[in-house]
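The listed protein sequences derive, respectively, from chains A and B.
The first sequence begins at 787 in this note's numbering and counts up one residue at a time.
The second sequence begins at 73 in this note's numbering and counts up one residue at a time.
Just so you know, these hints were derived from the structure itself, not from any lab.
Computed from a predicted model, the values in this text were never measured in an experiment.
All clues stand as given, with none of them false.
These stretches of chain B come out as covered by chain A in the derived footprint (C-beta under 8 Å, 3 or more residues):
| # | region |
| --- | --- |
| 1 | 102-109 |
| 2 | 112-121 |
| 3 | 124-135 |
| 4 | 139-149 |
Glycine residues also receive a C-beta, built at the ideal position from the N, C-alpha and C atoms.
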Amino acid sequence: MVRELLEGRFVNTAFCIFAPDGKKRLSRSGRSPQMGFGIKSGGSAGEVEKANARVIEAMAEIAKKYPAKDTKAAAGVVDFHSFEQALNVSSGDQRLLVFSVAPDIQQVAVKKTMQEVANHSEVIGRYHFDFSSATDAKWSEVVEGDSQKSGIFIIESGEFGQTGKSVGELPLGSSPEQIRNALTKANKNYAANQTRKNYAEHVKKGRRTGVKYEDAMPWGEDRDADGKIDQSRGKRR
Amino acid sequence: MIMKQLMLNMTCAAILVTSVAARGAKPDELGVSPQKMGSAGVVWYATWESALAEAKRSQRPIFFMAAAAQCSGISGVF
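Looking at chain B on its own, in the form it has when it is part of the complex (with noise of 0.2 Å):
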């Protein structure tokens, strides 16, 4: 609840770069997500410029975050 309330004063940017788990977190450590089917989580803004736009705006500072929804090529993951 704390964390959800804090990420809605800061403008969350999550930048998707390719991913490979040569030394970054290996698939095998990968869990099931807590959070509920279909509840509200993070609106992570998915550019730069649409999250710098948005920060501005609102002048909540940015959370960036880069990563990637793939694993070793695996698609569908985060």
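Isolated chain A (complex conformation) (with noise of 0.2 Å):
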């Protein structure tokens, strides 16, 4: 799909808004939205941010034809491919992680459940969610704390996103009121224990901590569209 929308390339953004079809295009493709809108972007704070207000407009216009249909609180819960990718996405997004462990048998209760949870004006947008699957087998060895084998984990994701530490359990058949009330009082104690990272300190760190995280994708970018990853510096097309 990123090359379909980058001419061949495989980079590490691609942009582009869809209708709700998934098919139409309703702007073109670029590495970012502003590309996306053919808005020139850099320089000044002032002019970013004045980009970035030609932006919001031009979304404004496209949401203007697509009345949302559907109240809110019966939106889809996010999930996740993988446990390794939720724990590392909660770890740059610096957001709680919500993982629900469930048998077969209650994944659909569990999720209706959820979905009540994560569409509360409380919660949304404060906490990634992901739902057990069978590759997440071994999700309890990289997180400290847990005692049950499934319920509903509240996980602190670590600082590369590669371990966390649960910072509260409940049993699957809790309430969203219950659930609700456990993640605002971790997500404050959290709030107050944690500062933002410098994304470029993280980096730096990591380089000289020797990070490295590998996941199903193959590492690199295909820039100059030959079908190839290019491991090393690629040319520019």
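Each chain sits in its own coordinate frame; assemble them with the hints.
Structure, rendered in structure tokens:
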């Protein structure tokens, strides 16, 4: 999909606005929203701000044409490809991760409960959510403080998102209100005890200490669109 | 505030790809998120399938952004 949007290239960012059918493109594609709307960005902070304002304006025009049909209370809950990825993103965003581990027979009920929790005004946008799948069998090996095999775990992801700490645990049958209260308490504590990462310093520290993250995706970019991932600097098109 | 409201009017899909900073944003250029710790941010759907389902359900357009939560193999970045 990234290659389709970037004329065959595969690089670390791609942007496009699609219609709700996921097919029709409502903007051009590019590496950023600015590029997608043909807006020049960069330079001073003021120029960046102006470019961002124009992006917002363009998006607002699109949104006007597609008024939302349903209430947001019924929105689907976010799920990740894997626990590994969820942990990494939670670390990057510095949000608590709500990880539900349920046997197959209880999955539907848990997702329904989580839908009610995740769409509540006190919760929405403050946490990441993930549901266990067969590939997550070893999740507990990288998380400390968990005591049960199944349940709803509130996890604080580690500095580099490869380990975590369970800071709250609820049984699967917990009510949305019980879960919400536990989340609010944990988030308050998390916010009070964490400071925002400086990503430049974070990357430098990661290099110094030998951090290495690999997942199913090949490492690198295909900047020249020859179909092969370039491990070194490739030619720009 | 305007941006937050706008994002509510769109289904946000962040598809995660592997990052390398060869010619993209340089690590040294990455700073600190201005978002207050513990506050609400964008609700990203991390898979295309889930974003598409939500877009169809709510009839909201999809703000698609492919990105990586790692930089040059260093995890825990956004």
